[in-house]
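Whole structure, please, built from the sequences with the hints as guidance.
In the working numbering, the protein residues as written are 22 to 686.
Among the clues, some could well be false.
[Stated by the list, open to error] With a straight-line Cα cutoff of 25 Å, these simulated SDA-like cross-link-like pairs (lysine to any residue) come out:
no., residue 1, residue 2
1, K604, G624
2, K420, R432
3, K175, L216
4, K378, K320
5, K320, E355
6, K161, I89
In case anyone wonders, no lab produced these hints; they're calculated from the structure. For clarity, every value in this text was computed on a predicted model and none was experimentally measured.
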Amino acid sequence: MTLRQLLSTPTGRGKQRGFLRKLGTRFSCCFTFLAQRYKDAEDSFYAIVSRRILPCHSMLNNFLKFLIRANMVDNARRLFKDVVSKSISYDCDTVYMMMCASLRGGKVEEAEKYFLEAKTSGIKIESHVYSSSVRAACMKLESDVAIDLLSEMKSRGWVPQEGTFTIAICTCVKQGNMTKALRLKEDMINSGHSLNLVVATSLIKGYYQQGDLNSSLALFDKIVEDGLTPNKVIYAVTIEGCCVHRNMEKVKELYLHKAMGIFDVAVKDGIANIFTYNDMLSWFCGNGRLDDAYEMWNKMIDRGVEPTVVSYNNMILGNCRKGNMDVALNLLSEMAVKNLKPNVVTYTILVDGHFRKGETQKATRLFDLMVNSGIVPTNVSFHTVINGFCKAGQTTVAKESMEKFVSMGFRPGCVTYNCLIDGFIKEGVIDSALAVYDEMCKAGLVPNVVTYTTLIDGFCRGQAMDLALKVWSEMRAKKIAIDVTAYNALIDAFCKRNDMKYASQLLDELIEAGLSPTTAVYNTMIGGFRNLYDMDSALNLYKRMRSEGTRCDLKTYTTLIDGLLKVGNIELATVFYKKMLAKNIMPDVITYSVLIHGLCNKGQLKNARKVLVEMLSKSVTPNALIYNTLIGRNFKEGNFQEAFRLHDEMLDSGLATDETTYTFS
Numbered sequence: 022m023t024l025r026q027l028l029s030t031p032t033g034r035g036k037q038r039g040f041l042r043k044l045g046t047r048f049s050c051c052f053t054f055l056a057q058r059y060k061d062a063e064d065s066f067y068a069i070v071s072r073r074i075l076p077c078h079s080m081l082n083n084f085l086k087f088l089i090r091a092n093m094v095d096n097a098r099r100l101f102k103d104v105v106s107k108s109i110s111y112d113c114d115t116v117y118m119m120m121c122a123s124l125r126g127g128k129v130e131e132a133e134k135y136f137l138e139a140k141t142s143g144i145k146i147e148s149h150v151y152s153s154s155v156r157a158a159c160m161k162l163e164s165d166v167a168i169d170l171l172s173e174m175k176s177r178g179w180v181p182q183e184g185t186f187t188i189a190i191c192t193c194v195k196q197g198n199m200t201k202a203l204r205l206k207e208d209m210i211n212s213g214h215s216l217n218l219v220v221a222t223s224l225i226k227g228y229y230q231q232g233d234l235n236s237s238l239a240l241f242d243k244i245v246e247d248g249l250t251p252n253k254v255i256y257a258v259t260i261e262g263c264c265v266h267r268n269m270e271k272v273k274e275l276y277l278h279k280a281m282g283i284f285d286v287a288v289k290d291g292i293a294n295i296f297t298y299n300d301m302l303s304w305f306c307g308n309g310r311l312d313d314a315y316e317m318w319n320k321m322i323d324r325g326v327e328p329t330v331v332s333y334n335n336m337i338l339g340n341c342r343k344g345n346m347d348v349a350l351n352l353l354s355e356m357a358v359k360n361l362k363p364n365v366v367t368y369t370i371l372v373d374g375h376f377r378k379g380e381t382q383k384a385t386r387l388f389d390l391m392v393n394s395g396i397v398p399t400n401v402s403f404h405t406v407i408n409g410f411c412k413a414g415q416t417t418v419a420k421e422s423m424e425k426f427v428s429m430g431f432r433p434g435c436v437t438y439n440c441l442i443d444g445f446i447k448e449g450v451i452d453s454a455l456a457v458y459d460e461m462c463k464a465g466l467v468p469n470v471v472t473y474t475t476l477i478d479g480f481c482r483g484q485a486m487d488l489a490l491k492v493w494s495e496m497r498a499k500k501i502a503i504d505v506t507a508y509n510a511l512i513d514a515f516c517k518r519n520d521m522k523y524a525s526q527l528l529d530e531l532i533e534a535g536l537s538p539t540t541a542v543y544n545t546m547i548g549g550f551r552n553l554y555d556m557d558s559a560l561n562l563y564k565r566m567r568s569e570g571t572r573c574d575l576k577t578y579t580t581l582i583d584g585l586l587k588v589g590n591i592e593l594a595t596v597f598y599k600k601m602l603a604k605n606i607m608p609d610v611i612t613y614s615v616l617i618h619g620l621c622n623k624g625q626l627k628n629a630r631k632v633l634v635e636m637l638s639k640s641v642t643p644n645a646l647i648y649n650t651l652i653g654r655n656f657k658e659g660n661f662q663e664a665f666r667l668h669d670e671m672l673d674s675g676l677a678t679d680e681t682t683y684t685f686s
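See the structure below:
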């Protein structure tokens, strides 16, 4: 007899109902077996419902659970739909299972529908259902929805799980909204969770993608300090960021120890060959570790491994970067003795080395020697010469050189045009910069964000705000992604004009664009408010930096201390000075100048003397401003002997006196 037949047997109304109730309570136990016989289980379920015996939540949930585990999700959906249509009671666990099944199958909208219907039906929803809804929002890359759901969870007194925070933070980073990601990170930590490697990796990538490699590296160092062991993924992401921003020194720091260990084993086992040595030489020379490169070179020679052109190119590069041009040229001569022919890379490195030392004539002579030797220059070679002239303040010569090189097969790209634009702007020749920009456009090249940022920065520095705003509008019209550097250039210009209202609007716009203000941006804003003696606004920005996890550097603290001293808040200025020292941020001569000047102006000569003593004890040499300030204040207070002592000390240190030194009124 089947279960359906058993349930249809007439045994008397009361007896039948009692039997069915007992049977219903055992359904949750036997569904494990019946799930594999879905039709029997379904018949049994509907037979109970037809007898007006409503299944308990656990029975319904177990049935759905086994269907979902058996990959019979469509059957589960159909069953749940019938449950809803028949007004059969279900709970938040039912909703959770259906949402999880939908998300597993990529049906995000369906999962959201289950959540919303449950909310409107009055079902008491628990935190795990909200977590699934956050996950659904993140799968749709709707970070704002996810954040709202997290806020709703907190308002109900729930602490979101670490995994829920993690997926929301990663989604914010993926959308380029670092500000919201960092706020969520702080919420996660304040909720009692620790910073995990997944969040750290995501934030590190988010920072460097927005141009803030310093914050990426600071976060990497912090997780190490906190006792987390970086995995391969976080190393790979950090190294990628360093490579993107050409910070090969940090790459070396991350992997050098491990690489050297592997290399030593290779040498010991006789596996290391010229290619292995060249890799290590390239690493050391590219990162300025010339002593280590020579040690490696000597090991190579001692083991009878003959250097190649690549080996010499690496050593020439290392010496050129250090400014050792005589040594680099000797290496070039040594190549000839060993019958090694210099190639285009060799000459390009040497040409760049001469330009770096300001030896433009030697650079051009060497370039001509290369061409006359029959070596065909590459685009890198041509660009090196053009860039060298621009850096040397000879942008007109650079432009003429480019025109000559075009006839030799050179195809200038955005990078070369950007160098020329930057060079003309730094020389104050705005018309020539704009002419190069027009030429670039006519050549069919599309100006990139660097082009526009260079123009904006140059126009702002030259007080040509009308041109800067015109370029800004053009960027928006062309829908070019505006980076933090461009925003900072404009913010800085408005801060210098004391227009903090517009500067603040630009800061808000930067954040709305999904970018994260860097330390430089905040320092610019804090400096602007300091200049207007509006320290309340400056301190609010400092608090904002801290809450967002933005690094406060020496300039941040120096600017705040300066502003606080100017408004007479010596006590708070002292607090910030102590905070700075507690973070192992060491004051420089500018910080000491600010402290001494501010204390003297407020009649705190005794404390100013203490600062001078501290400064000398840390081997920081006072500048003329510090001596002039202290000499003038001592004269005003009648401390003539101390004033003359400071005057003699100033002369002994090699500093020249000026009119300020002898103005005591």
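A quick look at each hint next to the structure:
At most 25 Å may separate the alpha-carbon atoms for a hinted pair to count; K604 and G624 exceed this at roughly 29 Å. A threshold of 25 Å between alpha carbons decides the hint, and for K420 with R432 the separation of about 13 Å falls inside it, so the pair holds. With a C-alpha separation of about 19 Å, the suggested pairing of K175 with L216 holds against the 25 Å cut-off. Distance hint between K378 and K320 is unfulfilled; the C-alpha atoms sit about 30 Å from each other, more than 25 Å.
Of the pairs offered as hints, the one joining K320 and E355 holds, with about 18 Å between alpha carbons and a cut-off of 25 Å not exceeded. Distance hint between K161 and I89 is fulfilled; the C-alpha atoms sit about 23 Å from each other, no more than 25 Å.
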